[in-house]
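Note that the protein sequences, when read in sequence, are chains A and B. Its first residue numbered 1, the first sequence is counted upward by one per residue in the working numbering. Its first residue numbered 256, the second sequence is counted upward by one per residue in the working numbering.
Check before you lean on any hint, since a few could be wrong.
[Claimed, not checked] Straight-line C-alpha distance at most 25 Å; calculated DMTMM-like pairs for lysine to aspartate or glutamate:
#: 1; chain 1: B; residue 1: Lys415; chain 2: B; residue 2: Glu447
#: 2; chain 1: B; residue 1: Lys457; chain 2: A; residue 2: Asp91
#: 3; chain 1: A; residue 1: Lys210; chain 2: A; residue 2: Asp253
#: 4; chain 1: B; residue 1: Lys537; chain 2: B; residue 2: Asp498
#: 5; chain 1: B; residue 1: Lys558; chain 2: B; residue 2: Glu589
#: 6; chain 1: B; residue 1: Lys301; chain 2: A; residue 2: Glu47
#: 7; chain 1: B; residue 1: Lys448; chain 2: A; residue 2: Glu48
#: 8; chain 1: A; residue 1: Lys210; chain 2: A; residue 2: Asp93
#: 9; chain 1: B; residue 1: Lys304; chain 2: A; residue 2: Asp93
#: 10; chain 1: B; residue 1: Lys448; chain 2: A; residue 2: Asp91
#: 11; chain 1: B; residue 1: Lys304; chain 2: A; residue 2: Asp43
#: 12; chain 1: B; residue 1: Lys415; chain 2: A; residue 2: Asp253
#: 13; chain 1: B; residue 1: Lys439; chain 2: B; residue 2: Glu503
#: 14; chain 1: B; residue 1: Lys461; chain 2: A; residue 2: Glu39
#: 15; chain 1: B; residue 1: Lys457; chain 2: A; residue 2: Asp253
#: 16; chain 1: B; residue 1: Lys461; chain 2: A; residue 2: Glu48
#: 17; chain 1: B; residue 1: Lys448; chain 2: A; residue 2: Glu111
#: 18; chain 1: B; residue 1: Lys461; chain 2: A; residue 2: Asp253
#: 19; chain 1: B; residue 1: Lys609; chain 2: B; residue 2: Asp595
#: 20; chain 1: B; residue 1: Lys439; chain 2: B; residue 2: Asp263
#: 21; chain 1: B; residue 1: Lys461; chain 2: A; residue 2: Asp93
#: 22; chain 1: B; residue 1: Lys457; chain 2: A; residue 2: Asp43
#: 23; chain 1: B; residue 1: Lys297; chain 2: A; residue 2: Asp91
#: 24; chain 1: B; residue 1: Lys462; chain 2: A; residue 2: Asp43
#: 25; chain 1: B; residue 1: Lys486; chain 2: B; residue 2: Asp449
#: 26; chain 1: B; residue 1: Lys448; chain 2: B; residue 2: Glu433
#: 27; chain 1: B; residue 1: Lys415; chain 2: B; residue 2: Glu293
#: 28; chain 1: B; residue 1: Lys441; chain 2: B; residue 2: Glu343
#: 29; chain 1: B; residue 1: Lys457; chain 2: A; residue 2: Asp67
#: 30; chain 1: B; residue 1: Lys462; chain 2: A; residue 2: Asp253
#: 31; chain 1: B; residue 1: Lys459; chain 2: A; residue 2: Asp253
#: 32; chain 1: A; residue 1: Lys15; chain 2: B; residue 2: Asp449
#: 33; chain 1: B; residue 1: Lys301; chain 2: A; residue 2: Asp93
#: 34; chain 1: B; residue 1: Lys459; chain 2: B; residue 2: Asp449
#: 35; chain 1: B; residue 1: Lys301; chain 2: A; residue 2: Asp67
#: 36; chain 1: B; residue 1: Lys462; chain 2: A; residue 2: Glu159
#: 37; chain 1: B; residue 1: Lys304; chain 2: A; residue 2: Asp208
#: 38; chain 1: B; residue 1: Lys448; chain 2: A; residue 2: Asp93
#: 39; chain 1: B; residue 1: Lys560; chain 2: B; residue 2: Glu587
Worth flagging that the hints you see were computed from the coordinates, not collected in a lab.
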Amino acid sequence: MPVNRELIAGTPAVKINIPVPLSFCQGCQHGSATRAIWESINDLNLEERLIWVGGVTCGTVSAFISDLDAIGPVPHGRAPDIASAMRRVSDQDTVIITYQGDGDAIAIGTESLIQAAARAERITVFMVNNANYGTTGGQMAPTTIIGQKTTTSPSGRGENQEGFPINAAELVAGLRGTAYSARGSLTSPTNYIRTKKYIKRAFQKQLDNKGFSFVEILSACPPNWAMKPVDCLKWIDSNLTEQYPLGEFKNVDIL
Amino acid sequence: MEATIFIDGNEAVGWGALAADCDAFFGYPITPQNNITEWFAKEYPKRGKVFVQTSSESASINWLYGGASVGKRVITSTSSPGWALMQETLSHMANTEVPCVIVLVQRGGPGQGTTRHAQMDYSCVTTGGGQGGYKNIVLAPYSSQETYELLQIAFHLADKYINPVIVLSDGIIGTTMEQVVLKKLKFEQLPEKDWALRGKGKQKDKKRRVLSSAQGLFPTPRNPTFLALQKTLSKKYLRIINDEVRYETYNLDDADLVLVAYGYAARVSIEAMWWARNIGLKVGMIRPITVWPFPYSKIKEQKEKRRRILVVEDSLGQIFVDVMMACGYQSEIEMVSCFDRHEPMEGGVIYPEKVLEKIRELIDV
């Protein structure tokens with residue numbers, strides 16, 4: 001019997017429809033990553049006072065289909081600067097988040113991300129990591145792992161040619177202004193629930209005024225990885241998590 | 256009675272922003288405008304307002320974008336290389352239609368150029384600067400007093416047209432100390448910023464607001480399609496051209512020769528104009544205050560009256576191009592340029608003597 005996912009999981013309350021055709025590729029996990037954030041927003045009752053800053057990523061669509069105050073796509077990589085400014089001049093109970101891709105956050109946006117963390121800016125950054133530039137058709141990203149083939153590293157990322165990938169969650173955790181940094185995946189119900197727990201903890205750090213919070217979410221990109229969706233999940237579990245281990249890298253209340 | 260203080264053109268930026276009830280300054284150090292950033296660092300926090308030193312000019316402009324999106328009055332200041340770094344996001348702000356004020360204290364270029372005065376960014380400021388063909392409103396002060404006043408006008412125009420406004424200063428206007436009367440200007444009441452992001456629970460109708468610099472890729476309530484956006488921008492720019500041209504004229508009635516200059520070159524030219532008048536030469540002047548929109552028809556009128564036109568500017572010829580557009584491509588227009596500086600290194604200045612020399616060459620027969 002075919003499974004109707006909507007019936008099992010329901011439609012998140014903050015999801016709305018807009019009058020343009022929108023579709024993620026089959027097996028893409030931006031939808032799941034967004035959903036995990038939406039559900040956390042619902043659980044914590046943040047809908048009324050949240051501003052969503054959408055970076056340049058396939059998932060920027062989420063800014064438009066969320067029934068929330070939102071802006072996006074903002075200039076490539078710069079979402080943490082924009083969110084920081086909002087933080088400084090908005091009412092203190094406003095919750096401000098960014099939703100960014102890996103190329104957005106840790107290539108062109110490295111300065112913006114690192115500086116926001118160092119300033120202990122009370123914002124939450126969600127970085128969806130699919131180890132390539134998905135929107136532009138699968139080029140090498142700073143998160144592309146050694147040996148991984150992309151359209152701009154056709155013989156596989158080599159340590160001598162392209163150099164090493166960046167582990168954003170660990171990097172951000174190393175900065176004193178960071179109160180929370182974690183990495184989750186969405187490859188199984190268990191991982192989904194665990195990632196949602198990270199997301200809520202990150203929100204809580206912001207709500208409690210503790211400092212900068214960051215969650216990296218590993219996400220499948222079937223067309224650009226040239227794999228079936230189900231194989232993508234296996235590849236995340238076996239290969240991607242080898243470079244990007246799951247877990248919490250920082251969880252402190254005093255910086 | 257208003258207070259009178261003795262400040263330079265850079266500090267006048269701060270006092271002007273304060274008079275305009277600007278909420279926040281976000282900026283990065285660069286010569287020759289550092290005392291603007293320092294003024295805000297010293298004066299803003301103690302007044303309960305926001306000052307943040309950013310990590311680059313690319314960051315500064317994005318802080319403006321964020322602050323403007325939540326409906327606040329925000330400002331940054333920079334000099335020429337920093338201005339170049341801001342162009343991408345400035346273009347995003349033009350698309351999104353959010354207001355901001357940027358003060359550009361010009362220095363010599365291209366590249367790292369010099370750390371002192373010049374007027375070499377006129378073209379990229381007045382034609383947009385970044386990608387995608389948009390327009391900034393550009394105001395060019397020629398004194399500390401005018402800097403103070405134009406800052407207030409800048410914030411008003413930015414909010415009125417929900418558009419970026421640039422205050423185009425230079426290293427000499429910025430560092431010259433003068434008396435300034437602190438007089439708060441009065442403006443028409445503008446509608447509330449109903450479009451600003453607050454969290455939907457704080458919106459009057461409890462409905463979400465969405466802002467985007469990809470109007471056209473995604474539909475927004477303001478502009479459901481790409482061409483709707485182009486139409487909105489075009490209508491707005493035409494309205495600005497019709498309603499907001501500002502300039503000052505001097506001794507035009509009987510003039511045989513008309514000077515055209517802005518910023519520090521205007522100060523120099525006014526001096527030269529009076530020297531010329533003193534020796535019986537009929538010299539007048541037009542000083543554009545808005546350089547976009549540009550006072551084309553006022554300048555065209557001078558050409559039609561068969562007056563000689565002399566442009567004074569510290570560059571290879573940028574406002575010159577606008578004057579040429581006003582007068583017609585075939586017109587004879589004379590220029591005093593950066594080649595007329597008194598010495599070849601960065602400290603070189605166009606002095607009034609040089610302008611007078613050129614005036615005499617043209618009409619003293």
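Each hint tested on the structure:
Taking the CA atoms of B/Lys415 and B/Glu447, the gap is near 10 Å; set against the 25 Å cutoff, the hint holds. At roughly 10 Å between alpha-carbon atoms, B/Lys457 and A/Asp91 fall within 25 Å of each other, so this suggested pair holds. Taken as a hint, the A/Lys210 and A/Asp253 pair is honoured in the structure, with Cα atoms around 6 Å apart against an allowance of 25 Å. Restraint check for B/Lys537 and B/Asp498: the C-alpha separation of about 31 Å exceeds 25 Å, so the hint is violated.
Our distance criterion of 25 Å between C-alpha atoms is met by B/Lys558 and B/Glu589, whose separation comes to about 12 Å. Between B/Lys301 and A/Glu47 the alpha-carbon distance is near 34 Å, which puts this suggested pair outside the 25 Å criterion. Between B/Lys448 and A/Glu48 the CA atoms are separated by roughly 18 Å; this keeps the pair inside 25 Å, and the hint holds. In summary, the hint linking A/Lys210 to A/Asp93 is supported, as the alpha carbons are separated by about 14 Å, within the 25 Å threshold.
The suggested pairing of B/Lys304 with A/Asp93 holds, with an alpha-carbon distance near 18 Å, which does not exceed 25 Å. Among the hinted pairs, B/Lys448 with A/Asp91 is consistent with the structure: their alpha-carbon atoms are about 16 Å apart, no more than 25 Å. For the given pair, B/Lys304 sits about 34 Å from A/Asp43 by alpha-carbon distance, which is inconsistent with the 25 Å threshold. A hinted pair counts as satisfied when its Cα atoms are at most 25 Å apart, and B/Lys415 with A/Asp253 does not qualify at roughly 44 Å.
Among the hinted pairs, B/Lys439 with B/Glu503 is consistent with the structure: their alpha-carbon atoms are about 21 Å apart, no more than 25 Å. Pair hint B/Lys461 plus A/Glu39 holds up; C-alpha atoms about 20 Å apart against a cutoff of 25 Å. A hinted pair counts as satisfied when its Cα atoms are at most 25 Å apart, and B/Lys457 with A/Asp253 does not qualify at roughly 29 Å. About 8 Å separates the Cα atoms of B/Lys461 and A/Glu48, which keeps this hinted pair within 25 Å; it holds.
Taking the CA atoms of B/Lys448 and A/Glu111, the gap is about 31 Å. The hint is violated against a cut of 25 Å. With a C-alpha separation of about 34 Å, the suggested pairing of B/Lys461 with A/Asp253 is violated against the 25 Å cut-off. Among the hinted pairs, B/Lys609 with B/Asp595 is consistent with the structure: their alpha-carbon atoms are about 7 Å apart, no more than 25 Å. Under the criterion of a C-alpha separation no larger than 25 Å, the hint pairing B/Lys439 with B/Asp263 is consistent with the structure, at around 18 Å.
Straight-line distance between C-alpha atoms of B/Lys461 and A/Asp93 comes to about 17 Å, which keeps the hinted pair within the 25 Å bound. For the hint pairing B/Lys457 with A/Asp43, the CA-to-CA distance comes to about 20 Å; that is within 25 Å, so the pair holds. Between B/Lys297 and A/Asp91 the CA atoms are separated by roughly 23 Å; this keeps the pair inside 25 Å, and the hint holds. A threshold of 25 Å between alpha carbons decides the hint, and for B/Lys462 with A/Asp43 the separation of about 20 Å falls inside it, so the pair holds.
Taking the CA atoms of B/Lys486 and B/Asp449, the gap is about 21 Å. The hint holds against a cut of 25 Å. Between B/Lys448 and B/Glu433 the CA atoms are separated by roughly 36 Å; this puts the pair beyond 25 Å, and the hint is violated. Simply put, B/Lys415 and B/Glu293 have alpha-carbon atoms about 29 Å apart, too far for the 25 Å limit, and the pair is violated. Pair hint B/Lys441 plus B/Glu343 does not hold up; C-alpha atoms about 33 Å apart against a cutoff of 25 Å.
A distance of roughly 14 Å separates the Cα atoms of B/Lys457 and A/Asp67; the hinted pair therefore holds under the 25 Å criterion. This hinted pair does not check out: B/Lys462 and A/Asp253 have alpha carbons roughly 34 Å apart, beyond 25 Å. Pair hint B/Lys459 plus A/Asp253 does not hold up; C-alpha atoms about 36 Å apart against a cutoff of 25 Å. At most 25 Å may separate the alpha-carbon atoms for a hinted pair to count; A/Lys15 and B/Asp449 meet this at roughly 23 Å.
Between B/Lys301 and A/Asp93 the alpha-carbon distance is near 23 Å, which keeps this suggested pair within the 25 Å criterion. A distance of roughly 8 Å separates the Cα atoms of B/Lys459 and B/Asp449; the hinted pair therefore holds under the 25 Å criterion. Under the criterion of a C-alpha separation no larger than 25 Å, the hint pairing B/Lys301 with A/Asp67 is inconsistent with the structure, at around 38 Å. A threshold of 25 Å between alpha carbons decides the hint, and for B/Lys462 with A/Glu159 the separation of about 50 Å lies outside it, so the pair is violated.
Distance check on the hinted pair: B/Lys304 and A/Asp208 sit about 23 Å apart at the alpha-carbon level, within 25 Å; holds. For the suggested pair B/Lys448 and A/Asp93, the alpha carbons sit about 20 Å apart, so the restraint of at most 25 Å is met. For a cut-off of 25 Å, the pair hint linking B/Lys560 to B/Glu587 stands: about 14 Å separates their Cα positions.
Of the numbered hints listed earlier, those contradicted by the structure are 4, 6, 11, 12, 15, 17, 18, 26, 27, 28, 30, 31, 35 and 36.
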